[in-house]
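Build out the structure end to end from the sequences listed, making use of the hints.
2 protein chains.
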Amino acid sequence: MNDKPLKMKKSDRTRAAIAAAAQRIFASQGYERATIREIAAAAGIDPTMVMRYFGSKDRLFAEVAEFDLDLPDLAALDRDRIGETLVAHFLSVWESESGGGFPILLRSAASNDYAAARMQQLFAAQVLPAMLVLGPPDSAPQRAGLVATQMLGLALARYVLRLPPVVMLDRDTIVREIGATLQRYATGA
Amino acid sequence: MNDKPLKMKKSDRTRAAIAAAAQRIFASQGYERATIREIAAAAGIDPTMVMRYFGSKDRLFAEVAEFDLDLPDLAALDRDRIGETLVAHFLSVWESESGGGFPILLRSAASNDYAAARMQQLFAAQVLPAMLVLGPPDSAPQRAGLVATQMLGLALARYVLRLPPVVMLDRDTIVREIGATLQRYATGA
DNA sequence: GTCTATAATTCGATAGAC
DNA sequence: GTCTATCGAATTATAGAC
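Chains as they are written, first to last, in the working numbering: chain F, 47 to 235; chain G, 47 to 235.
The list treats identical chains as one, so a pair stands whether inside a single copy or across any two.
Simulated pairs of lysine to any residue, SDA-like, Cα-Cα distance not exceeding 25 Å:
no.	residue 1	residue 2
1	55	102
2	103	75
3	103	159
4	103	163
5	56	70
These are computed hints drawn from the structure, not numbers from a lab.
Right under this line is the structure:
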């Protein structure tokens, strides 16, 4: 009878349904174009309920856009395969259920201040530290910056703009080709 | 007395002032958040004039977002320096006066259908053909796709999101590091 | 918990005086 | 050419009945 996890209180199910609908709408329309009304309709509930459960559009966005890159400890990995590992990890996170926050952030970051700030935070708190263990500290910001350009571009072209030639790239090709690039950026080799 | 090119009819000067203001506002806010009223204020004229000169917000956007990548003939270049040449060319275009259309498109493409379609067109009509002369036709879409991810990511991180470590990269570093990546992507080597 | 009604803004666009 | 006034639509958010 329920699509959602069983044995939840009704209020929790409603809240989860709103969050799920909000993820879809925010991810496909961006923050500005998404409306409370549309999200409510997609969740099959009344628009007022969205406000009741989340308070405001801003807070709803902040909640569903939350997510972690959850990078593994790169120092513990085979040093020759760091690039490939990084790409494979990013792809997994972005295509996972819990990774829905990334397309949302990315699509809204271009015109929403909160999303843009969150994106900066994300790279400062997770990508930069990861680069610190892979080479000289002085060059870590530069290496992190280069890594960021390549990964953000892949995500933008593939998941947001959906450029046909990028969408058509198969996973192995991406891991191999872009992995080689990240390997060079990350290790400075 | 005039900031704009001398000896224009007043109507042309007004039109140019609106277009210049629109470029700034669209580039910094994106399509949705930019308002006719704000653009008019930035241009120092009445909001009604924007409609009179451009008809609608859509047509104003289409006009100021227009631009060309204007790629040189890559086949005529030193084959070992194609990557560096590409990056240097992109940087020049994006930072030039007439290249203002690109940040505008990029910032709006995530949530504006016209901008997204225009971006697809741009790569299909200009990047893909350029790849055709550099290697086997079969792999041209794949090579163009990879090039697109790296260049879009650089533009996004540097000009739209303004990620500090990417903004701080100096031009020589970008040309060298990202040039090497494009060299590999474009030539398939 | 849920919904109706509506307040309060804001926006793009138009009509018309001067 | 320029501006005042305003329309009509859409939005977030709230008040309050049931």
